[in-house]
Amino acid sequence: VIGETSSASRFDATLVQITALAGAVTAFALFCACVGASPMGVFASIYKAGFGSWYSWQNSLLRAAPLMLCGLATAIPARAGIITVGNEGAFVVGGLAAAAAGLATASGPAWLCLWIMGLAGGVAGGAWIACAAGLQHYRGVNAVISSLLLNYIGIALLLQLVEGPMRDPGSLNFPATYPLPETHQLGHIPGSRVHYGLVFGITACLLTWFILERSVWGMKVKTVGGNPRAAKLVGLPLGRIILTASFLGGACGGLAGMVEVAAIHGRASQAISAGYGYVGILVAFLARQSPVRVLVVSLLLGAVLASGGILQRDHELPDSTITVFEGIAFLSILASEALTGRFTLRRALGTVTREGANAKS
Amino acid sequence: MTATMSRRAWLELLAVAPSLAQDALVAGFVYNGPKNDLGYNQAHAEGKQALKPVPYVRAFDEANVPETVAVEESMRNMIHQDGARVIFATSYGFLDPFVLRVARENPAVQFFHCGGSYRDGTDPPNVGIYFGFIDEVEYLAGMTAGLATRTGRMGFVAAKAIPQVLRNINSFMLGARSVNPAVTMRVVFTGDWVLPVREAEASSSLADQGVDVLTGHTGSPRVIVQVAERRGIFATGYQFNQSVLAPRGFLTGAEWAWGLVYRRYAELIHAGKSVALGTIPRRMTGTLKDEFCRLSPFGPAVTPEKRNAIANAKQRLLNGSQAVYRGPLRDNTGKIAVPAGSTIGIEDPVLDQMNWLLEGIQGDVRA
Chain A
2 VIGETSSASR FDATLVQITA LAGAVTAFAL FCACVGASPM GVFASIYKAG
52 FGSWYSWQNS LLRAAPLMLC GLATAIPARA GIITVGNEGA FVVGGLAAAA
102 AGLATASGPA WLCLWIMGLA GGVAGGAWIA CAAGLQHYRG VNAVISSLLL
152 NYIGIALLLQ LVEGPMRDPG SLNFPATYPL PETHQLGHIP GSRVHYGLVF
202 GITACLLTWF ILERSVWGMK VKTVGGNPRA AKLVGLPLGR IILTASFLGG
252 ACGGLAGMVE VAAIHGRASQ AISAGYGYVG ILVAFLARQS PVRVLVVSLL
302 LGAVLASGGI LQRDHELPDS TITVFEGIAF LSILASEALT GRFTLRRALG
352 TVTREGANAK S
Chain B
11 MTATMSRRAW LELLAVAPSL AQDALVAGFV YNGPKNDLGY NQAHAEGKQA
61 LKPVPYVRAF DEANVPETVA VEESMRNMIH QDGARVIFAT SYGFLDPFVL
111 RVARENPAVQ FFHCGGSYRD GTDPPNVGIY FGFIDEVEYL AGMTAGLATR
161 TGRMGFVAAK AIPQVLRNIN SFMLGARSVN PAVTMRVVFT GDWVLPVREA
211 EASSSLADQG VDVLTGHTGS PRVIVQVAER RGIFATGYQF NQSVLAPRGF
261 LTGAEWAWGL VYRRYAELIH AGKSVALGTI PRRMTGTLKD EFCRLSPFGP
311 AVTPEKRNAI ANAKQRLLNG SQAVYRGPLR DNTGKIAVPA GSTIGIEDPV
361 LDQMNWLLEG IQGDVRA
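Residue numbers (the working numbering), protein chains in the order written: chain A, 2 to 362; chain B, 11 to 377.
Because the hints were derived from the structure by calculation, they are not lab data. Remember, it's a predicted structure, so these values are computed and weren't measured experimentally. There could be a bad hint or two in this list.
Unchecked claim - Using 25 Å as the maximum straight-line C-alpha spacing, the simulated SDA-like pairs for lysine to any residue come out as follows:
id, chain 1, residue 1, chain 2, residue 2
1, A, Lys49, A, Glu317
2, B, Lys283, B, Gln59
3, A, Lys49, B, Arg68
4, A, Lys49, B, Asp202
5, B, Lys299, B, Arg336
6, A, Lys49, B, Ala80
7, A, Lys49, B, Val207
8, A, Lys49, B, Lys283
9, A, Lys49, B, Arg86
10, B, Lys170, B, Thr297
11, B, Lys170, A, Gly171
12, B, Lys170, B, Val207
13, B, Lys62, A, Ala38
14, B, Lys170, A, Pro170
15, B, Lys62, A, His316
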């Protein structure tokens with residue numbers, strides 16, 4: 002019986018979400034038409050820039066990689082019942098810690114340096130989100146608010162350090178840390194210009210799926226997230242599970258920051274805060290906090306991000322067009338979350354039949 | 011309605027495919043800031059618009075591209091997705107290492123960068139540099155200001171104390187002093203190119219101190235001109251024509267005229283010339299005479315007599331009987347900056363080491 006209702010409600014939720022996305026796409030098409038571009042042409046361009054050729058595919062995959070990790074940063078804690086939006090902060094402190102660790106160990110072999118960077122980035126990002134989760138669990142501070150504010154602290158920390166103690170005096174116009182040696186940077190997947198961050202992202206998504214769906218600990222996490230009082234009654238260590246799940250989520254965000262430093266920029270600077278963390282929140286909500294869907298949604302949104310330039314070039318749309326699309330999509334998904342379970346056709350029909358049956362008997 | 015919409019939509023869809031004439035010259039522009047900043051970026055965007063009537067050119071642009079690896083991505087996309095054969099990188103920070111790196115990857119594409127220096131032997135051969143010398147126009151704008159001021163005090167809001175900015179401050183002051191020897195000017199440095207709040211504070215505080223002409227050198231002096239108009243004092247613009255912002259107090263301004271430069275590049279490239287082969291000069295520079303820059307239209311406060319005086323001065327600058335930097339000039343610490351009897355031409359590279367402010371200017375280059 003439980004299985005039935007949950008599959009029914011899942012069906013309803015999916016239906017609502019698809020409707021929401023269709024609404025978002027329609028609203029965006031209207032927006033395009035209002036600013037004087039042909040909606041069909043715009044969608045064709047988004048497709049061309051995202052998936053039109055191998056070159057475009059690589060563009061999308063490059064952007065999908067950090068999105069997968071940043072999506073998990075919200076999705077994993079959410080499964081334990083903690084909603085955080087601290088992805089950008091985790092991303093930035095992860096990148097910062099990775100840069101510091103990488104520069105400290107640059108004299109060693111490249112593989113060791115990269116491992117230490119990944120570890121440093123993961124631990125920094127993990128601790129960042131675990132802070133917000135801990136504040137909510139132990140002190141009752143809303144994690145949405147605290148993690149949002151932690152983003153600003155993280156970015157301020159980055160700016161302070163790259164313009165101060167960690168600054169390379171040679172970086173005149175654009176303050177940055179010293180660069181990592183090129184030999185110590187994260188390379189490309191052979192035959193492409195996509196870096197190994199994509200492998201990290203895919204692995205993390207699949208591993209998270211396995212842990213959440215196929216392990217005892219995953220079951221505990223979902224129990225804590227689904228019904229904390231019941232979890233407490235059966236004796237689950239709530240605090241430890243929440244903190245661990247949040248740490249794992251944050252670690253994914255931090256790892257994304259490490260990839261940004263080690264594969265893209267080769268150094269930490271203001272440029273690493275490019276908004277992947279914020280888009281990660283959208284990814285997690287579109288994916289309804291499921292790691293496998295995070296994988297798919299990241300690829301789609303990666304393609305959308307990759308089309309930012311072409312919309313300016315081919316349609317003379319403003320550079321903020323993609324942000325508008327993200328905003329519309331996010332709003333309609335949030336609205337759909339609020340509406341889920343209120344206007345369900347199935348339930349309405351179900352009630353009617355049941356009443357009919359009762360009347361007969 | 012639906013039928014026509016969908017037919018148009020399908021036609022649009024087809025048009026997206028690269029169905030271009032083979033000989034089309036595809037040019038991509040990247041700007042660091044917004045296209046409507048009424049300043050540096052809009053001046054370049056307007057320059058790009060001048061290519062629109064040229065039949066063999068297809069030009070497109072991306073705005074708000076940061077001076078990071080993001081600009082590499084933008085340039086690569088322009089080349090690989092739109093088939094760009096020439097890239098105009100309009101912001102100073104795009105060159106090293108971003109333009110240089112993408113230029114090495116794409117030797118068949120030509121890259122032209124606004125400002126900066128090219129290192130022979132090190133940098134890829136398919137990179138060219140273009141920029142203009144606007145000192146003479148600042149001089150003429152300064153003359154207009156010198157003729158307009160009643161209090162004899164002017165204010166200048168500047169981004170950074172770097173040679174390019176100091177040249178504009180000094181040439182503006184030289185123009186003002188040529189018609190009003192007693193005039194003084196106070197300079198405030200804000201520290202960066204786009205800091206509208208600080209620019210507004212600096213402008214207000216200058217107005218409080220009794221200046222009655224405001225001008226500046228930032229990414230866009232729009233805020234400076236707006237504050238001047240609100241305070242009922244005069245303003246001169248920079249980078250782009252800002253007259254719409256101050257219908258009463260706008261005098262004139264020094265603005266860039268990149269359209270001609272981009273047209274010239276397009277003609278050269280269309281004729282099969284290239285910077286890598288040396289048939290397009292490595293550095294393309296120009297002055298008032300070459301129409302790389304011009305005065306903004308005069309505002310209502312500039313009387314016909316004053317306009318005449320300025321037109322005459324412009325004529326003398328163009329025929330060489332008058333110069334911006336003609337000694338003896340003293341800096342504001344009393345030292346001789348340009349000795350008596352010597353004249354520095356505005357294309358002389360020695361001016362790019364300028365580290366002084368003219369006498370009569372209150373301000374400190376170390377600030």
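Verification of the hints:
Under the criterion of a C-alpha separation no larger than 25 Å, the hint pairing lysine 49(A) with glutamate 317(A) is consistent with the structure, at around 16 Å. A distance of roughly 22 Å separates the Cα atoms of lysine 283(B) and glutamine 59(B); the hinted pair therefore holds under the 25 Å criterion. For the hint linking lysine 49(A) to arginine 68(B), the alpha-carbon distance of about 19 Å falls within 25 Å, and the restraint holds. Pair hint lysine 49(A) plus aspartate 202(B) does not hold up; C-alpha atoms about 38 Å apart against a cutoff of 25 Å.
Between the alpha carbons of lysine 299(B) and arginine 336(B) the distance comes to roughly 18 Å, so the proposed pair stays at or under 25 Å and holds. A distance of roughly 19 Å separates the Cα atoms of lysine 49(A) and alanine 80(B); the hinted pair therefore holds under the 25 Å criterion. For the proposed pair lysine 49(A) and valine 207(B), the alpha carbon gap of about 40 Å is over 25 Å, so the pair is violated. Simply put, lysine 49(A) and lysine 283(B) have alpha-carbon atoms about 32 Å apart, too far for the 25 Å limit, and the pair is violated.
Among the hinted pairs, lysine 49(A) with arginine 86(B) is consistent with the structure: their alpha-carbon atoms are about 15 Å apart, no more than 25 Å. Restraint check for lysine 170(B) and threonine 297(B): satisfied, since their Cα atoms lie roughly 23 Å apart, inside the 25 Å limit. Straight-line distance between C-alpha atoms of lysine 170(B) and glycine 171(A) comes to about 18 Å, which keeps the hinted pair within the 25 Å bound. At roughly 16 Å between alpha-carbon atoms, lysine 170(B) and valine 207(B) fall within 25 Å of each other, so this suggested pair holds.
Distance restraint check for lysine 62(B) and alanine 38(A): the Cα-Cα separation of roughly 18 Å lies within the 25 Å cut-off, and the hinted pair is therefore satisfied. With a CA separation close to 18 Å, the supplied pair lysine 170(B) and proline 170(A) stays within the 25 Å bound. Under the criterion of a C-alpha separation no larger than 25 Å, the hint pairing lysine 62(B) with histidine 316(A) is consistent with the structure, at around 15 Å.
In the structure shown, a violation is registered for the earlier hints numbered 4, 7, 8, in ascending order.
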